[in-house]
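As given, the protein sequences belong to chains A and B, one line each in that order. Here the first sequence is numbered in the numbering used here, starting from 112 and rising by one per residue. Here the second sequence is numbered in the numbering used here, starting from 295 and rising by one per residue.
A hint or two may mislead.
[To be verified] Result set (DSS-like, lysine-lysine): computed pairs, CA atoms no more than 25 angstroms apart in a straight line:
no., chain 1, residue 1, chain 2, residue 2
1, B, 317, B, 366
2, A, 408, B, 305
3, B, 317, A, 142
[Said to hold, decoys possible] Partial selection, computed: residues in chain A whose CB lies under 8 angstroms from chain B:
no., residue
4, 134
5, 146
6, 154
7, 157
8, 159
9, 393
10, 396
11, 400
12, 401
Note that these hints are calculated values from the structure, not bench results. Glycine is no exception: its CB is placed at the ideal position from the N, C-alpha and C atoms.
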Amino acid sequence: MNGVLDVALRLLVVFVVFLTFPLIVGQTEHKVMAHMQGRLGPMYAGGFHGWAQLIADGVKFAQKEDVVPAGADRRVFQLAPAVALLPYLLVLLAIPIGPSEGAVGQVLDAGVFFVLAVMGVGVLGSLMAGWASANKFSLLGGLRTAAQLLAYELPMLLAAASVAMAAGTVSLPGILHAFHWWWVPWQIVGAVVFFVAGLAELQRPPFDMPVADSEIIFGAYTEYTGLRFALFLLAEYAGIVVLCGLTTVLFLGGWHGPWGHDGLGWLWTLLKTAILAFLVIWLRVTYPRLREDQLQKLSWTLLVPLSLAQIALTGIVKVVIS
Amino acid sequence: MAPIPGSGLAKGLAVTLRTMTRKTVTEQYPDAQPELPPRTRGVIGLFEENCTVCMLCARECPDWCIYIDSHKETVPPAAPGGRERSRNVLDRFAIDFSLCMYCGICIEVCPFDALFWSPEFEYAETDIRDLTHERDKLREWMWTVPAPPALDPAAEEPKEIAAARKTAEKLAAAQAEQHEPQEGAS
Chain A
112 MNGVLDVALR LLVVFVVFLT FPLIVGQTEH KVMAHMQGRL GPMYAGGFHG
162 WAQLIADGVK FAQKEDVVPA GADRRVFQLA PAVALLPYLL VLLAIPIGPS
212 EGAVGQVLDA GVFFVLAVMG VGVLGSLMAG WASANKFSLL GGLRTAAQLL
262 AYELPMLLAA ASVAMAAGTV SLPGILHAFH WWWVPWQIVG AVVFFVAGLA
312 ELQRPPFDMP VADSEIIFGA YTEYTGLRFA LFLLAEYAGI VVLCGLTTVL
362 FLGGWHGPWG HDGLGWLWTL LKTAILAFLV IWLRVTYPRL REDQLQKLSW
412 TLLVPLSLAQ IALTGIVKVV IS
Chain B
295 MAPIPGSGLA KGLAVTLRTM TRKTVTEQYP DAQPELPPRT RGVIGLFEEN
345 CTVCMLCARE CPDWCIYIDS HKETVPPAAP GGRERSRNVL DRFAIDFSLC
395 MYCGICIEVC PFDALFWSPE FEYAETDIRD LTHERDKLRE WMWTVPAPPA
445 LDPAAEEPKE IAAARKTAEK LAAAQAEQHE PQEGAS
């Protein structure tokens with residue numbers, strides 16, 4: 112009985128985090144982006160500085176008609192948003208936020224593998240949407256998504272592999288237990304590669320070629336309306352939370368901080384995640400979209416060699432210190 | 295020297311971050327009135343007393359959006375035995391602001407300064423026909439017209455004032471002349 116309660120409680124907490132954190136990131140994006148552009152952003156919804164804007168948006172989306180195009184592959188079309196969103200929920204389950212046993216949804220021995228494999232599934236949602244919509248813009252968006260996934264999954268995996276090598280384990284809490292502060296400068300190249308590749312995988316600007324609205328309307332999501340469209344948007348923001356959380360855990364030492372080791376570790380994780388989320392928004396506001404060929408070039412000629420160099424460096428240092 | 299690679303990217307980040315720390319330029323209009331320049335072309339006000347129904351504004355209007363109706367009245371002679379004079383009386387003066395393109399030609403062309411720009415701009419209507427505003431409304435806007443800008447310090451004296459001053463001086467001189475001979479006699 113106690114075990115069941117424990118599992119239920121953990122699932123509930125992870126679910127609540129999954130529902131609230133993306134909204135917080137989304138609201139922060141509204142406000143930060145607005146101020147970076149010299150605007151105010153939402154000011155009305157909820158009364159105080161538009162804090163309820165995303166709730167209002169959700170209500171609006173829920174009221175809209177759910178249209179499935181006549182030529183669409185109905186079943187696949189309707190399933191795609193769930194496929195895009197659910198993997199992030201599963202990944203969230205495996206991210207530890209504190210050192211204790213209770214601070215992670217589920218301890219997995221093959222944490223890094225699980226996390227990266229499941230995150231890759233999320234992109235499948237866009238592919239399904241692009242194919243099933245029976246729309247040429249959607250198809251183009253889907254193919255661009257596929258090309259982007261192929262290009263950026265590799266450097267992401269290599270960068271994560273470097274950390275796993277350094278820690279000698281693929282378990283996420285295991286990596287954090289082995290963490291020392293000097294890992295940050297040691298793995299900094301890997302961290303940058305991982306973060307950039309993760310951004311590209313989420314199709315966040317400046318890597319939003321698959322949804323480039325000035326060229327292909329909204330890529331794979333062109334035909335979506337109402338709640339299903341909202342789910343795709345939610346998946347993007349859940350992806351930001353997951354990516355920032357993962358970068359924190361793998362490269363920035365998660366719960367480790369200059370002080371407050373006991374009991375306050377989770378605060379460090381959240382703080383680092385929040386700073387990274389701000390960085391994601393900041394990059395989005397600052398940089399224009401990369402062209403499709405630039406996108407591929409960045410991955411194959413810069414990120415992949417850099418991550419390989421990082422692995423070599425990790426190996427050398429590892430051998431020297433052991 | 296070639297710039298450091300990536301310095302442009304850093305510069306971009308600096309620009310957005312700096313903008314975030316500065317005051318925003320958003321005007322929260324319905325909650326706060328905008329600060330308009332004093333000579334804003336918001337709406338056209340009519341000063342009826344100056345209007346002689348010469349119809350110049352209606353004829354010059356490129357959009358033909360000014361409607362004027364009038365009739366003639368005879369005025370009794372000013373001096374006994376004189377001729378009766380006729381005078382135009384304004385019956386209707388309306389501007390259709392759904393047609394008006396705010397060129398300001400009517401105001402420029404008015405020879406008697408009966409039309410003025412007012413900075414008032416909140417006169418949206420839910421029906422396009424309600425945008426034809428009649429003389430009472432145009433008169434109300436007249437009171438929102440700001441005072442004309444001050445003249446240049448080195449500018450010539452305005453004609454009206456110069457004429458008035460000359461008249462006053464002549465009158466004063468004539469009075470002084472009347473006084474002087476009396477003083478000389480006594």
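Status of the hints after comparison with the structure:
1. Straight-line distance between C-alpha atoms of residue 317(B) and residue 366(B) comes to about 60 angstroms, which puts the hinted pair past the 25 angstroms bound.
2. Restraint check for residue 408(A) and residue 305(B): satisfied, since their Cα atoms lie roughly 23 angstroms apart, inside the 25 angstroms limit.
3. For a cut-off of 25 angstroms, the pair hint linking residue 317(B) to residue 142(A) stands: about 13 angstroms separates their Cα positions.
4. A distance limit of 8 angstroms between C-beta atoms decides the matter here; for residue 134(A) the minimum to chain B is near 21 angstroms, and the interface restraint is violated.
5. Proximity of residue 146(A) to chain B holds as hinted, the smallest CB-CB distance being about 5 angstroms (cut-off 8 angstroms).
6. Given the 8 angstroms rule on beta carbons, the hint for residue 154(A) holds: about 7 angstroms separates it from the nearest Cβ of chain B.
7. Annotation: residue 157(A) was flagged as interfacial toward chain B, and the flag is violated, the nearest CB pair being 16 angstroms apart, outside 8 angstroms.
8. Nearest Cβ of chain B to the Cβ of residue 159(A): about 14 angstroms, over the 8 angstroms cut. The hint is violated.
9. A cut of 8 angstroms between beta carbons decides the hint on residue 393(A): the least distance to chain B is about 6 angstroms, and the hint holds.
10. Hint on residue 396(A) holds. Least Cβ distance to chain B is approximately 5 angstroms, under the 8 angstroms limit.
11. Because the beta carbon of residue 400(A) sits about 14 angstroms from the nearest beta carbon in chain B, more than 8 angstroms, this interface hint is broken.
12. With its C-beta approaching chain B no nearer than about 12 angstroms, residue 401(A) sits outside the 8 angstroms limit, and its interface hint is violated.
Comparing the model with each numbered hint stated earlier shows that hints 1, 4, 7, 8, 11 and 12 do not hold.
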